[in-house]
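Enquirer: Listed below, chain by chain, are the residues.
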Amino acid sequence: MAQASACEHWVDNRSELLQETPQAEACATYAGRTGMKNLNFLAAAYIAIWLIFCGYVLSVARRMANLKDDIRRLKQDGK
Amino acid sequence: MSTEAQTETANRAVISTPSILAVFLLLAAASYGALIWAPTESTMGLVQRIFYFHVSSAWTGFVSFILVFIGSVAYLRTRALKWDWLSVASAEVGVAFFTVVLVTGPIWAKPVWGIWWTWDARLTSSFLLWVLFVSYLVLRTLVEEPERRALVSAVFGIFAALDIPLVYFSIWWFRTQHPQPVIGDGGSLDARMGWVLLLCWAATLGVMTVLIRLRYRLEALRAEVDAYRMEASRNA
Numbered sequence: 001m002a003q004a005s006a007c008e009h010w011v012d013n014r015s016e017l018l019q020e021t022p023q024a025e026a027c028a029t030y031a032g033r034t035g036m037k038n039l040n041f042l043a044a045a046y047i048a049i050w051l052i053f054c055g056y057v058l059s060v061a062r063r064m065a066n067l068k069d070d071i072r073r074l075k076q077d078g079k
Numbered sequence: 001m002s003t004e005a006q007t008e009t010a011n012r013a014v015i016s017t018p019s020i021l022a023v024f025l026l027l028a029a030a031s032y033g034a035l036i037w038a039p040t041e042s043t044m045g046l047v048q049r050i051f052y053f054h055v056s057s058a059w060t061g062f063v064s065f066i067l068v069f070i071g072s073v074a075y076l077r078t079r080a081l082k083w084d085w086l087s088v089a090s091a092e093v094g095v096a097f098f099t100v101v102l103v104t105g106p107i108w109a110k111p112v113w114g115i116w117w118t119w120d121a122r123l124t125s126s127f128l129l130w131v132l133f134v135s136y137l138v139l140r141t142l143v144e145e146p147e148r149r150a151l152v153s154a155v156f157g158i159f160a161a162l163d164i165p166l167v168y169f170s171i172w173w174f175r176t177q178h179p180q181p182v183i184g185d186g187g188s189l190d191a192r193m194g195w196v197l198l199l200c201w202a203a204t205l206g207v208m209t210v211l212i213r214l215r216y217r218l219e220a221l222r223a224e225v226d227a228y229r230m231e232a233s234r235n236a
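The listed protein sequences derive, respectively, from chains A and B.
Sequential numbering from 1 applies to the first sequence in the working numbering.
Sequential numbering from 1 applies to the second sequence in the working numbering.
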């Protein structure tokens, strides 16, 4: 409990995180042991990956459908 | 080869169902490995599992941007539009992969470093690489004439690709917040983690191949539309 409180203080003082202090190491280990609390970050990362790729594939599919429509229209106009 | 012939070739290069199925199977296996099979890292805990797709997306992004470089050089040598199509397809897919890197990196950094972002050499050069290739794509929208667009893009593509070694070697050349490499010389990655990383890289390379082929076909369709429009304006 004391460590949890110390680590919360440590996280609040973010500039300390850039230094390799014993406090930082202890808190990093603590965070690893209670790793489940970072599950939301893991979920966010994997959701972001899927959203980026699904969004990209949808964008390509939409552009492709528009071009196919253009080709159909241009072919009809040419006849 | 004429534009019409190149368009025909692109139209024949349809992505087959088995290849898409193979990529999905690879992705499923890689996700299982990354989220379940790989051991949990003792210091960072669960959040370290972001590593597998973060690193493999960065490597795949590099491969895409190297394809832009190859396509650009080949276009300048041959003036065949198919190389320009390969370059733009690879650039767009590379930007998608580097978007993944730039989004997942801060999500991983926040619980581990306590900050979302820092302007160190690796992060800054990666961001710059992404900006350069987004600029490459924007630049293409500003030039209408296909041959001129291909020429300008090829020159800019070669220039943008020069940032790739800077990103890759930045962790050796500069003192950075970003970790040192975990595989290769001096790496200390657990064997099972290493296998999962390679599996994820194979899966992202598969995704890259499918997306580049899809995007290449889009560019071929665009050339077909341009050809029909030119023919219509000649007949008018």
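Take these hints with a grain of salt, some might be off.
As the list claims (entries may be wrong) - Reference listing, derived: stretches of chain A covered by chain B, where coverage requires no fewer than 3 residues with Cβ under 8 angstroms from a Cβ of chain B: (1) 41-55; (2) 61-74.
Stated by the list, open to error - Anything over 12 angstroms on all C-beta distances counts as not near chain A; from chain B, calculated: (3) 16; (4) 25; (5) 83; (6) 121; (7) 142; (8) 156; (9) 162; (10) 166; (11) 202.
None of these hints come from the bench; they were simulated from the model.
Everything numeric in this text was worked out from a predicted model, so none of it was measured.
By construction, the Cβ of each residue, glycine as well, lies at the ideal position given by its N, Cα and C atoms.
Enquirer: Regarding the assertion that residue 202 of chain B does not contact chain A, is the least Cβ-Cβ distance greater than 12 angstroms?
Expert: For residue 202 of chain B, whose nearest Cβ neighbour in chain A is about 16 angstroms away, the distance exceeds 12 angstroms, so it holds.
Enquirer: Compute the least Cβ-Cβ separation between residue 121 of chain B and chain A, then decide whether it is above 12 angstroms.
Expert: holds (15 angstroms)
Enquirer: Could you check that no beta carbon of chain A comes within 12 angstroms of the beta carbon of residue 83 of chain B?
Expert: Fine: 20 angstroms to the nearest Cβ keeps residue 83 of chain B off the interface.
Enquirer: Over 12 angstroms to the closest beta carbon of chain A is the bar; see if residue 16 of chain B clears it.
Expert: For residue 16 of chain B, whose nearest Cβ neighbour in chain A is about 17 angstroms away, the distance exceeds 12 angstroms, so it holds.
Enquirer: Would you assess whether residue 162 of chain B, listed as outside the interface, keeps its beta-carbon beyond 12 angstroms of every beta-carbon in chain A?
Expert: holds (25 angstroms)
Enquirer: May I ask you to check that residue 166 of chain B keeps its beta-carbon over 12 angstroms from the closest beta-carbon of chain A?
Expert: The claim holds: residue 166 of chain B sits with its nearest Cβ about 23 angstroms from chain A, beyond 12 angstroms.
Enquirer: Just checking, residue 142 of chain B versus chain A, shortest CB gap more than 12 angstroms?
Expert: holds (18 angstroms)
Enquirer: If you look at each residue in the segment 41-55 of chain A, do at least three have a Cβ nearer than 8 angstroms to any Cβ of chain B?
Expert: holds (count 9)
Enquirer: Just double-check residue 156 of chain B for me: nearest Cβ-Cβ distance to chain A has to come out over 12 angstroms.
Expert: Non-interface label on residue 156 of chain B holds, nearest chain A Cβ at 22 angstroms vs cutoff 12 angstroms.
Enquirer: Establish whether the coverage given for the segment 61-74 of chain A by chain B is satisfied; the threshold is a Cβ-Cβ distance below 8 angstroms, and no fewer than three residues must meet it.
Expert: holds (count 7)
Enquirer: Determine whether the non-interface label on residue 25 of chain B survives the test: each CB of chain A must be over 12 angstroms from its CB.
Expert: holds (16 angstroms)
The structure agrees with every numbered hint stated previously.
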